[in-house]
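Protein sequence lines, in the order shown, are assigned to chains H and S. Reading the first sequence from the start, the letters are residues 1 to 245 in the numbering used here. Reading the second sequence from the start, the letters are residues 1001 to 1257 in the numbering used here.
Bear in mind the hints are in silico, worked out from the structure with no lab data behind them. Note that the structure is a prediction, hence the values are computed from the model and not measured. Warning: the hint list may mix true and false statements.
Said to hold, decoys possible - Label-pair distances were calculated between CB atoms; the ranges are:
(1) S:Ser1150 / H:Leu133: 24 to 32 Å
(2) H:His93 / S:Lys1212: 46 to 54 Å
(3) H:Pro244 / S:Thr1153: 51 to 59 Å
To be verified - Chain H is faced by these chain S residues, among others (derived, beta-carbon under 10 Å):
(4) Ser1057
(5) Gly1060
(6) Arg1093
(7) Pro1097
(8) Asn1098
(9) Asn1103
(10) Val1112
(11) Leu1128
(12) Gly1138
(13) Ala1141
(14) Tyr1169
(15) Gly1199
(16) Thr1208
(17) Gly1211
Don't be surprised by glycine CBs; every beta carbon is placed ideally from N, CA and C.
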Amino acid sequence: MPAQIAARAVVLALAVCVTLTATAQAAPSASIAPAFLPDRLGAKGALGLTIRYYGGESGVPSPVRRSVWRLPAGLSLEIPDLRSCAAAQLRAHGASGCPPQSQIGRGHALAEVHAGSQILTENIALWAFVGPLHNLQPTFEILGQGYTPFDERMVFTGTVRPDRAPYGEDLVMSIPTIPSLPLEPDVSIVTLSLTVGTSKVRRSHVANTIVVPSHCPAGGFRFAAEFTYADGSSGSALATAICPR
Amino acid sequence: MAMTPKVRIVLAASPACVCVIVATVAWARGTLIVHERFTPDKLGASTNLSVTGRFLSTTGGPSAPITKFTIYGPAGMTVDARDAGTCVAAKLRELGPNGCPANSRAGFGGGVGLLELPKETIREAYTLDFFFASKERGRLALLVYASAVSPVTVELVLVAREVRAPKPYGLGFSVEVPLISALPGAPYASVESVFATLGAANVAYYKTVRGKKTLTHLKGIVVPKTCPRGGFPSEGTIDFADGTNLTVNPTIPCPRK
C-alpha cells in the first residue's frame, strides 16, 4: 500500500536524526537518542530522535554529507489522509506551502560555523513532510528554516529502502552543502531533534502517528546510522530503545 | 618553560580593500594576486564582497611589512548601515568580538602572516572580524579585530575610516597598520595572504519595533545600480615599511544579465 510505504519512509526519514558514537576527538562522530511517546507496544504516538555531532579541530564538527538511518523492524507511520509535498513547494513557500496532512514531524537543530575568530550559531526550525514517490519509492522532505543571523531556508530529500533484520527500512539521505559566507567554511549541524507523529492524547482522527511495533526484540529496539562527512571520513552509530514495560 | 609572546596593538584598517576584484600586479619583490567577487552578483542588490590577496615573493623572503592600505571602490557602491549596531573599540579591545553587539558584525576574514626569524620563517594563520563602529564626522568607520593564536599570540583592533575618493571611484577607505614586532629583536611581521568577506546579504536580526519583536534585514554593501562599460573601476594602494608602495587598478567585471 503506497500510503503505508510512504509512512515507513517518513519514519526512516526521521531517523536522520539518529547518530553514532565515535572515538577520536577531532574526528567527527555522533550519538543518537531515540524515544517513543507513549512508550507502549502497539501504541500510536510519536518517535523522538535526537542526534548530536562531535569533533572538529576548530570546535565545529565536519558537515555531514550522507547519512543512512536504520529503523527497527515493525515500526510504521500511519497516515490517515495521505498527501505529499514537493521540495520545490517547500523552497518557494516554506511549511505553509504544503497541505497540512503532508506534515509528519517537527523539530529543531543547532547549526554552527567557524568564521573569523568566532563560532557562529543559528537555531533552525525543522519540519518533516511526506514527499512524492520517486521511482515508486517513498520519500520525505525535511525543511529547515533559520532566521538570524542568516535568514536562510533549506530542504533535504531522503529516500526509503528495505533493510535486513533487525531493521525494517533504511532512510538514505544526501545532504547538500550549506554555505555560510564566501571564503568561510560550510555550515555544520551540531544537534538535531525531530519528533515524528504526535503524542497528543486528544488528537485529530486524521493526525499522522507513529505506530510502535507490537513486539519488542530481546535487548530492545535497535536503531543504527552511518554517516559520511565532508572531510571524507565516515562513521557509524548504534542506539537501543529499551522495551516498554 | 616556553613563552608565548603577545602583542596587543590598536590600528586602523580599511574595509575598502574589498573593492578589488581580480588583478595580478608585479612589484620589485614579487607579485600580488588579487581576486574578488560579489555574492550575489546582481546590480543594486545587497551583497557580500569577498576578496583574496596573496603575495608571491621573487626574492625568497617575505614582502616588507605593510603600513597602510588605501582603497577606492567603484562609484555607486554603497554601504547601508541602517539597522546595524555599532561596536566600541575599547570593548573590542577588552573583550574581543564577544564585546560587540551581534548586529554590528560587518564581515569575516583571515590569512597567513609571516614572522621571519634568524633560522626560519614562521607562517601563522590569523583571523579577521569586522564590525561597524560609530561614524566619525559623518563618515563610516569599521573596526577590524585581527587575531592570531599560535605560535605567537597577536590581537589587533584596527579602525577602517572612510576617505574621499577621486573620480571615477566612489567609496574609499584607509587604514594604517602598525608594525608588529612579535619577538624582541626580530624583524617586523609581514603578510603572505589575506582574505575577507564583507556584507550582509541574507543577514537578519530581531529588533523591537513598537514593542513587537521584528525580524529586520540588514543591507550592508550594495552593488552599484549600473555598471560602466568595461566593468567597475577600483584602486588599491599598499604602503610598505621600506618606503615602497604598490598600486593596483583592478576592474570588477559587470554582473552577468
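We went through each hint and held it up to the structure:
Restraint check, S:Ser1150 to H:Leu133: a C-beta distance of roughly 54 Å breaks the suggested window 24 to 32 Å. At roughly 24 Å, the beta-carbon separation of H:His93 and S:Lys1212 lies outside the given 46 to 54 Å, and the hint is violated. Restraint check, H:Pro244 to S:Thr1153: a C-beta distance of roughly 55 Å satisfies the suggested window 51 to 59 Å. Proximity of S:Ser1057 to chain H is violated relative to the hint, the smallest CB-CB distance being about 23 Å (cut-off 10 Å).
The beta carbon of S:Gly1060 is not positioned within 10 Å of any beta carbon in chain H (closest approach about 28 Å), and the interface hint is therefore violated. Violation of the interface hint for S:Arg1093 is found here, the shortest Cβ-Cβ separation to chain H being roughly 14 Å, above the 10 Å cut-off. The beta carbon of S:Pro1097 comes within 5 Å of a beta carbon in chain H, closer than 10 Å, and the hint placing it at the interface holds. Annotation: S:Asn1098 was flagged as interfacial toward chain H, and the flag holds, the nearest CB pair being 8 Å apart, inside 10 Å.
Residue-level restraint check for S:Asn1103 holds (minimum Cβ-Cβ distance to chain H is 8 Å; threshold 10 Å). For S:Val1112, the interface hint is violated, the least distance from its beta-carbon to any beta-carbon of chain H being 14 Å, above 10 Å. Taking 10 Å as the C-beta contact cut-off toward chain H, the hint placing S:Leu1128 at the interface holds, the least distance being around 6 Å. Look at S:Gly1138: its Cβ only gets to about 28 Å from chain H, farther than 10 Å, so that hint breaks.
The criterion of a C-beta within 10 Å of any C-beta in chain H is not met by S:Ala1141, whose closest approach is roughly 18 Å, and the hint is violated. Annotation: interface hint on S:Tyr1169 violated; nearest CB of chain H at approximately 23 Å, more than 10 Å. For S:Gly1199, the interface hint holds, since its Cβ comes within 10 Å of a Cβ in chain H; the closest pair sits about 8 Å apart. Because the beta carbon of S:Thr1208 sits about 14 Å from the nearest beta carbon in chain H, more than 10 Å, this interface hint is broken.
Checking S:Gly1211 against chain H by beta carbon gives a least distance of about 19 Å; that is not within 10 Å, so the hint is violated.
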